[in-house]
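Asks: What follows is the residue order along each chain.
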Amino acid sequence: MMLEKGIEEKTFYLNLGPQHPATHGVLRVVLEMDGEFIANSEPIIGYGHRAHEKMAELRTYQQYLPNMGRVDYLHALAYNQCYCMAVEKLTGIQVPERAEFIRVITSELNRISSHLLWFGAYLLDLGAFTPFLYCFDDREHILDLLDRITGSRLTYCFYRFGGVPVDVDEEFIAGTRAFISRLRSRWNDYDTLVTKNVIFINRTRDVGIMTPEQALKYGVTGPNLRGSGIPYDIRKSEPFSVYPLFDFEIPLGERGDVLDRYVVRLQEMEQSLRIIEQALDKLPEGPIMAEKVPKRLKPPEGEVYTAVETARGEFGIYLVSKGDVKPYRLKLRVPCFSNLSVMPELFQDVMVADAVAILGSLDLVIPDIDR
Amino acid sequence: MTSPIIIPSLEAILGADKLTELDYAATGCHVRAEAVPEQMPAVAAAMLEQKFYLASLTALDLVESLELVYHFASFYQLCRLVVHAPLAKGAAAPTISHVYPGADWFEREVFEMFGITFAGHPNLKNLILPEDADFHPLLKDFVASS
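In order, the protein sequences belong to chains A and B. According to numbering that gives the first Met the number 0, the first sequence holds residues 0 to 370 in order. According to numbering that gives the first Met the number 0, the second sequence holds residues 0 to 145 in order.
Since the hints were derived computationally from the structure, they do not count as laboratory data. Check the hints yourself; a few may be wrong.
[As the list claims (entries may be wrong)] Mimicking DSSO-like on lysine-lysine, the simulated pairs with C-alpha atoms at most 30 Å apart in a straight line are:
| # | chain 1 | residue 1 | chain 2 | residue 2 |
| --- | --- | --- | --- | --- |
| 1 | A | K53 | A | K281 |
| 2 | A | K88 | B | K124 |
| 3 | A | K53 | B | K88 |
| 4 | B | K88 | A | K325 |
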C-alpha cells in the first residue's frame, strides 16, 4: 500500500511503530517483508510536528529562545548555541570570552548526557538491561550539575543573545571536576561490560554498514558519518565559539557498521571530558554578558547560516531577517532528518531482527526530525 | 578561504556574474550563487562531483514570488555555498533527488510547506503533514492561530 516497488505476491507488510519501544519517539517504519528479510522500507514521520519553523515567524527573537530546547531535547544546549550564534552574527553582538567558555563547558556536559542516554537505551534495545542502570547513574550527575546553573534538567533554555545569564560558581566547578574523574573511572566498567563483550560484538559487527558514498549523498553527519571513517566534526572543520583553544581528537570508525558507530560515541565522551577539563583550567575572568544588548532586538536586513556540531551531527540555522522584530524565515537544518533518510538503504535485504539494531545505532531523536 | 575548485565548475554552468564571494564571518557562507531552477540539476551534479553534500534545501515566500534556497558544504574543506533560485508562484522546479537521494525528503517538505512541485520527483507526497493536508503552512498568507 505505502510502497510501490512490491516484488511479488509473497511479500507482506509489517509496521515497526509508531508505538514501538525501540523507535524512541513516534516513528513508523513500513517494512515490506520477504520472509525474514526486508525487501523495501519506508519511514513515515511527522507524528510530532509542532511547526517550530512557523512559530519562529510569529514570535520575536527572544520569545523563540525556549523553542530551541525542544527540537532535539537531548542536546538542547547545542541548539540554544546555534540560534544565539545566528542572531549574534546578524546583529553583530560580541560574546565575552568567559561566556563562550561557559557555553562550551555546559554544551559538552550536555553532549555526554545525550551519549550516555543513547548508550543505555541502545543496549536496552539489544536486550542488555544492566548498562542502562550504570549510565543513568552517571547521567544523573550531569543533570544535577546543569540543574544548578540552568534551572532545568532537560529542555534547557540557558544561553542569551550576547552571553549567558548565570555565572558558574566554585561548587559547579568542583562538582564538574569530580564528575570528570568519576566518569573516567567508569570507562573500564563500560568496556568490560559491553565493548569487549563477545555477545555484543557478534551482534553488531558488520551489521548495517554505511558507506562514505551513501553518507555523502544523503548528507549524513555526526557520529554516524565518523563511524564510516570521515573526519568531519564542525567543532574542528568549521571552528565556532572557543573550540580552537582546546586540544581534542575526532574518533573515527573504519567499517561504518553498528559497532563502529557505538565505539565512536563512547570515545567522543572521553574527548568531551578533555574539552571540559581544559576549559575549566583556562576559564578566564570577566563579564558573562555583552554590554548594551537591546531589549527589543531588530537585526538589520540580511541572511545568515550557522552550524554547530550536536551529539547527532550538523544542526544548522538559516535565518532571514527583513529588519523586523520577528524572523522573516527560520529554517532548522536538523541532523536526524538526513540521518533517517538514509535508513531504507541500510535496511535493504537485512533480516528484521537487525532492523532494531540498525535503527537504534543511528541515534535518532524523532521530535528533532518532525520539528 | 574561498575554494578555488567550486568556482570554475559553477561559472561554466551559471556564468561568472552569477557568483558572489561573501564575507564568511558575517554570513556563514563563502559563495552565493544565483540560478534558475532549471540549472539546479547541473549545479547539484557539479557539487556532488566536488564531494559536497546537500546540507539543506528550503524555500522563501517573498509574497510576490518564491525562492528556492540550497546550502551545500564539504566534509573535506571549509567551504559553504548558498544557491538562490527564484521561482514564480505556481511554477514547477526540476528535482535534484536523482543526483542527491537525500534531496528526496527535502523536496517533499518544500512541496507540502510551500506548494512547490518538483518535476521528475519519484514520490512527491506529504512528508511531515498528514497525507490529506491540502494547505501550505509556511506560505505568508497561511494564518496560524498562535
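Asks: Does each hint fit the structure? Answer for all of them.
Replies: How the hints compare with the structure:
1. Annotation: proposed proximity of K53/A to K281/A is violated, straight-line Cα distance about 41 Å (limit 30 Å).
2. Only pairs whose Cα atoms come within 30 Å are accepted, and K88/A paired with K124/B is rejected, the gap being roughly 36 Å.
3. Distance restraint check for K53/A and K88/B: the Cα-Cα separation of roughly 20 Å lies within the 30 Å cut-off, and the hinted pair is therefore satisfied.
4. A C-alpha spacing of about 24 Å is found between K88/B and K325/A, which places the hinted pair at or below 30 Å, so the restraint holds.
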